[in-house]
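Chemist: Here is how the chains run, residue by residue.
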Amino acid sequence: MTHEITPQIQDQLNLSALILKKNYKKAELTTWSGFDLENEMDVKQAKRLLNVFGIKSGLHLRNSLQRYETGQMVSHNFDKLALEFRMMTTTDFDAKYNAEQNPRTKAIYKMVWKYRFILKTQKLIGYEMAYYVFQMRLGHVLGLIQTDEIILRLEEANHIIKSNFSNWGEFHRNVCLGGEYVLGATEQDVSKFPGTETLWECYQRLHIQHADWFKEWK
Amino acid sequence: MPAIFKTHIIPKIKTTSLQATETTALLQVLELIDATETDVYSNTKKSLDTTDTTVNFTEQLAQHIYFHPEIYANEQEGLEFVASWLPLVENGFYPDKKSADKLVTFLYFSLSYFQSEAISETLKTQIFNVLKALMQSKSEASFPIARFLVHRIFDIRDVLSSDFLIQHCIIHQILNESYTVVNADKTVNTFPFQIDNDFIQHFFDNNWRKFITEFHLLLPVGRVYAKGAYDLMLPWFSEDLADYYDNNVELIFEAHKAIKERFIFVEAKSSELLNLKTSEDFYPLIASLGDKVWDAGDVLLFHFRDKDIPQIQLEKSHLRFIAWLNADGGSNFQTEAFKDYGKQILTENAAEVLPAQLIPFWFNKCHPKTGIKSQTETFNTIFTNLLIEGRNGKLPQMRFGDADFEVTGAFLIREVFQVKDNLDAWLQGFIKEGISNPLNQFLVRTFYDAGEALLELYTPEQQNSLQLYLLELAYTSRTVEDTVRTQNLPLIVDALANLCVESGNFTRVNEIWALKDIDTCVIKSCNDFARAHYINEDHPLTLHLVQAWFNYLADYYYSFTEEAIWVETVLNTQGCRMATYFNTYENDISFFLDRALNRIITFHRKSKLKQAENNVLGRISEQIEMFLIDFLTELGENKLHKNTVGYLKDYNKNDVANFNQQPKLVTIIDAFYDFHFESEPQQEISTVIEQLQTSNIEIEFVEINQNYVETILQNLEQYKDVGICDVKLLEVLEERKDDFKLWLANDETGLDARFSQALYMTLLDTNLAPGTDKETYGNLCRSLFTHLVKGSKMAASYAMGLQAMAKSGAYSEDLTTALLEVVNGLNA
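As you go down the protein sequences, you meet chains S and L in turn.
As numbered in our numbering, residues 1020 to 1237 make up the first sequence, in order.
As numbered in our numbering, residues 113 to 940 make up the second sequence, in order.
Don't take every hint at face value.
Restricting the straight-line Cα-Cα distance to at most 25 Å, the calculated cross-link-like pairs of lysine-lysine (DSS-like) are [as the list claims (entries may be wrong)]:
{"#": "1", "chain 1": "L", "residue 1": "Lys722", "chain 2": "L", "residue 2": "Lys751"}
{"#": "2", "chain 1": "S", "residue 1": "Lys1066", "chain 2": "S", "residue 2": "Lys1181"}
{"#": "3", "chain 1": "L", "residue 1": "Lys919", "chain 2": "S", "residue 2": "Lys1099"}
{"#": "4", "chain 1": "L", "residue 1": "Lys236", "chain 2": "L", "residue 2": "Lys210"}
{"#": "5", "chain 1": "L", "residue 1": "Lys544", "chain 2": "S", "residue 2": "Lys1063"}
{"#": "6", "chain 1": "L", "residue 1": "Lys236", "chain 2": "S", "residue 2": "Lys1115"}
{"#": "7", "chain 1": "S", "residue 1": "Lys1133", "chain 2": "L", "residue 2": "Lys381"}
{"#": "8", "chain 1": "L", "residue 1": "Lys718", "chain 2": "S", "residue 2": "Lys1181"}
{"#": "9", "chain 1": "S", "residue 1": "Lys1099", "chain 2": "L", "residue 2": "Lys236"}
{"#": "10", "chain 1": "L", "residue 1": "Lys210", "chain 2": "S", "residue 2": "Lys1139"}
{"#": "11", "chain 1": "S", "residue 1": "Lys1181", "chain 2": "S", "residue 2": "Lys1139"}
{"#": "12", "chain 1": "S", "residue 1": "Lys1237", "chain 2": "L", "residue 2": "Lys761"}
{"#": "13", "chain 1": "L", "residue 1": "Lys544", "chain 2": "S", "residue 2": "Lys1066"}
Simulated from the structure, these hints should not be mistaken for lab results.
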């Protein structure tokens, strides 16, 4: 049985709005999954995404959720690097940065260096928990997870996010930073594949379309 | 009265020479031919002694009536003459041998005229009726007629005559009952028309081979859709003929040839001949099909076999059939023989009567890489019905080595597939097709049937390939129809469970466990499988496993106990076992237990909070409580860290989520609390201060012992809260720092690390920086720290940390310098 989406649940689902929009531009944010279950192309797209995440079953999904929740996906690595950088002097860092050849790693160094103190406690939890909610919604398309379980897990996710961030802006910034950390630099890039948007672009659009959603941090 | 008699015969009859009995016979003959108006009749009648009624149709009289060769000179008259015999022969007045022989000579001679249109149908019928009557008579006339007919029929040099006789014999049912032979001693023997030694002796000079040869020549001759020699001879087939064939195999092959030709020219099946059987129920013509290489015709012959032929006689033929299908690159698939007849060998029979050799044949023909599409479709359909459908996942029973043979998975793997060193590549060939391909379904059954033997049949690497193959197949079943899925998925899961018995690889265990989401039919087996691995009391516990238990507690909770259902078993049964495991664990485990209990209690709290609105979630808290009772009762008190015990105790003070429903659990936690907080000499801050004050006395006599070092340590850790910086205590150590370092090195309670850490914290305290009023204390700490840490394995990391702190710019210049000095001291 599918539960109704109360304003409270909608607010919690919105925690994944940015990630959902980024992964699926046409997503309908006011539904449980964001995908139209009646539309074959929509379901296919959801399947493709699940495949990308390596989620074949409910068990895979829950294991993945567990990894996001405990920070194994992003935060652990981020924190390890940040800890190292917190001990370093600028000169040390410059040396390490210059010694690195891989531009992606360099970009990550740069980012972590910048946020090594600012995100000491929050790490990239915002990004991870947004993914946590997003993957639940994705799993719902194939029936890997039912809405009552989503509600139960949403409460926890909501609790974790709300206790780490104090407003939507701060949270969304964390999501964007997480995206930057995982996917690399997200500067405007005219050479990119048409139709794809960076998280920052999604963020801007989202705030225009649903401005009232992201004002109150309940 | 027939004109022939009137003009030619009656005038010639001489009554004078006749006996009285003969005369009576003659009278009857004359009456029969309606010659009562003649002189002969009236004269005879007069001369007859009416009292004597005995009838004797003697040879002499017979010749009077029948032996008139001069009439045969005219074929038309001759035939009419023969036809006119009918009333006589029907009443038992038969020609003698001489007349019969003459008749046969005449018939030989005039056969072409006889069948011509000049002879009316009525006449022909009459003549054949005469012949029939003669044949059936117990007289000397019978055998010559029979021999005449048989010889003319078998003489296909004159096909027209042969066929003419055959057709009329069939119409008038001549040659289907018996013939009579009168021996030299006048004894009479009657023989049925049966192909046996007597028959061969009478008609073929006692030469079987001659008969068989002519028989084979005659078989294909005839008209399409009309009866022919075969139909005429049908009643003649006998067990003797079958015996003869049985003893002369080369003649059987000729018979096959003749039957095939008959099928081609006459389009008739000859199944009676084909299915000749001996008295011992042996079918020589069918059984011998197994002794030669087949062509399309043989498929045909085999198809026409009797359905009750014992299995053993067909065995070799089945193999020949397979060889035929394989011959010439499989081109025989395209023949009509296969489409119309061969296919039925496979579709009409059950697997039980077919040879096991069909399995490798099928795999060769339908292999995804080499199979020809048109053929694979046909064969897959056939073999699905034959080997897979309606067997509930079991492998079929087939024939192998002349006996019923239960096909087993182990046999197939060892003898049929024989994949030794490239199993992975071999399986890869099949994976792409998915479970909808019957070959894959059959393989699944094979592996399922092999069961635990798989572990012996395959090396560990091969087992791994096999598991990957099965997993992949399982996922392909998502897109196939329900029946295929529900039939095969349980078998796949079962085979995987057999393969994955070695404990430890939980990634693989999870992969198999996850298959439960594909279909409801495997939920139970998957869950049982996961439970058996996660709760395997035969294997020792590991920290990873315990960690996994409580990781899955989350799934169990969030899914309202629908997922990870084995967690319930963990909670119900594993408490004592886990405690025993940790009791015997050598290293300090308190950190791990702290995390574990923390997680368990997190879910206990969640469950308690939800208890009011959801009963299912509420029950989890009860299960957790029971688990904790089991676990904590058994667990050694020293295994938990003090903080953990404190946490447990505090948790119980909570209003909503606590253990108060389980007084027993509360008692146990209290026991832990007493052990850690009451029995151990606890020194509250006030008592420490007292001690510190008394310790001023005779400080130079203080020996470095546990109590003393702990007092200093407490001072170092608590000087901020207490506000006392006991310089004197430190000075003593400073003086005897080598002794102290040695003492710390021998200490086993971990004071060493605590001491270094406490000192390290004082270094970073700006209140102790140079230039403040507690500078002395700070200097002592720095000096002591440098001395104690220098040369230890922690030296480098402390140095790095201090350096970073010094350069962070958060400290005054004095302190920065002081810190850098310490760094230099450590690195020196």
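Chemist: Each hint: holds or not?
Modeler: Consistency of the hints with the structure:
no.	hint	result
1	L/Lys722 to L/Lys751	32 Å, violated
2	S/Lys1066 to S/Lys1181	30 Å, violated
3	L/Lys919 to S/Lys1099	21 Å, holds
4	L/Lys236 to L/Lys210	23 Å, holds
5	L/Lys544 to S/Lys1063	20 Å, holds
6	L/Lys236 to S/Lys1115	123 Å, violated
7	S/Lys1133 to L/Lys381	95 Å, violated
8	L/Lys718 to S/Lys1181	17 Å, holds
9	S/Lys1099 to L/Lys236	118 Å, violated
10	L/Lys210 to S/Lys1139	136 Å, violated
11	S/Lys1181 to S/Lys1139	17 Å, holds
12	S/Lys1237 to L/Lys761	33 Å, violated
13	L/Lys544 to S/Lys1066	19 Å, holds
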